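Quick mapping for you: the protein sequence lines, in order, are chains A and B. The first sequence begins at 7 in the working numbering and counts up by one. The second sequence begins at 248 in the working numbering and counts up by one.
Because the hints were derived from the structure by calculation, they are not lab data. Be aware that a few hints might be false.
Unchecked claim - Simulated DEER-style distance windows between Cβ atoms:
1. B/Arg-253 <-> A/Phe-124: 55 to 61 Å
2. B/Asp-268 <-> A/Arg-17: 21 to 27 Å
3. B/Asn-305 <-> A/Phe-21: 17 to 23 Å
4. A/Tyr-44 <-> B/Gly-271: 53 to 59 Å
5. A/Leu-149 <-> B/Gly-271: 16 to 22 Å
6. A/Ala-125 <-> B/Met-248: 36 to 42 Å
7. B/Ser-282 <-> A/Leu-100: 56 to 62 Å
8. B/Thr-262 <-> A/Met-114: 44 to 50 Å
9. A/Leu-109 <-> B/Gln-265: 48 to 54 Å
10. A/Val-18 <-> B/Glu-312: 40 to 46 Å
11. A/Leu-100 <-> B/Glu-311: 40 to 46 Å
As the list claims (entries may be wrong) - Some chain A residues flagged as far from chain B (calculated, every beta-carbon gap over 12 Å):
12. Pro-15
13. Val-65
14. Ile-98
Just so it is clear, the structure is predicted and the values come from calculations on it, not from any experiment. Quick reminder that beta carbons are idealized off the backbone N, C-alpha and C, glycines included.
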Amino acid sequence: MNSKLMLLPYRVKGFGWAILAVGVAVGALILLAEMLSYLSESTPALESFTRILENDNVVRILNNVALIGSLAGAVLVGCSKEKFEDEMICVIRLNSLLQAFYLYIVAMCIAALFIYDFAFFYVMMVGLVAMPLLFVIIYRVRLYRLKKSLEDEK
Amino acid sequence: MKNRIRVARAEVRMTQQQLADAAGVSRQTVNAIESGRFVPSTMLALKMARIFGTSVENLFSLDEEDI
């Protein structure tokens, strides 16, 4: 039986980081602008920042950049081979994915219990990209800790 | 699971990096195996046994709690 994982080549990782950064940055800006749009009525200085949400076409494009950028970036970063790929990296990757799944389920259950009405719309928006992002964060932290533990031993 | 990789490595004066290169894994992996934080696959255990010219049972053994 072939037990090799279907991983992307290492060379896509750099590109993945780039589009992940753009996707997350645009997504964070959209969320920030949405939240500030409630305040902008009383704070004229914020109006210019929240004005980007008035054009439907711009909003659609920004939403797509944020969503596709975050999802594709997370896949390219998390599911591509490391510079030196071996079986321990595979185990760390799969455990990180499992841990992200557990955290995502717990977070969604807590959100369903305590967040209602229109605020839940934001939970759903973040929920679309939360699991892949959690996976990348947990995976990179674990790899960093592994590298650090070896450096500490020197 | 217990292992005596560190001892076997010392017996033949081999560094972690040399063992890692010979087995086709990273030094982090060798270090994690030696410290018991990672249990290698059958394939890697067999490779390591071959590198040291010994049997897998001589390198790896079950703990009381594993039985």
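A quick look at each hint next to the structure:
One distance hint, 55 to 61 Å for the beta-carbon pair B/Arg-253 and A/Phe-124, holds here, with the actual separation near 60 Å. Here the CB-CB span from B/Asp-268 to A/Arg-17 is close to 23 Å, well matched to the stated 21 to 27 Å. For B/Asn-305 paired with A/Phe-21, a C-beta distance near 46 Å fails the hint of 17 to 23 Å. A/Tyr-44 and B/Gly-271 have their C-beta atoms about 57 Å apart, which keeps the hinted 53 to 59 Å range intact.
In this structure the hint that A/Leu-149 and B/Gly-271 lie 16 to 22 Å apart at CB holds, the actual value being about 19 Å. Checking the proposed 36 to 42 Å range against A/Ala-125 and B/Met-248 shows it is violated: the Cβ atoms sit about 49 Å from each other. With their beta carbons about 21 Å apart, B/Ser-282 and A/Leu-100 fall outside the hinted range of 56 to 62 Å. At roughly 47 Å, the beta-carbon separation of B/Thr-262 and A/Met-114 lies within the given 44 to 50 Å, and the hint holds.
Look at A/Leu-109 against B/Gln-265: about 39 Å separates their beta carbons, and that is not inside 48 to 54 Å. Checked against the given bound of 40 to 46 Å, the beta carbons of A/Val-18 and B/Glu-312, roughly 42 Å apart, stay inside it. The hinted range of 40 to 46 Å is not satisfied by A/Leu-100 and B/Glu-311, whose Cβ atoms lie roughly 28 Å apart. Consistency note on A/Pro-15: stated as away from chain B, and its beta-carbon is indeed over 12 Å from all of that chain's, at 18 Å minimum.
Residue placement check: A/Val-65 keeps its beta carbon more than 12 Å from all beta carbons of chain B (closest about 45 Å). Here A/Ile-98 does not stay apart from chain B, with its beta-carbon only about 9 Å from theirs, under the 12 Å limit.
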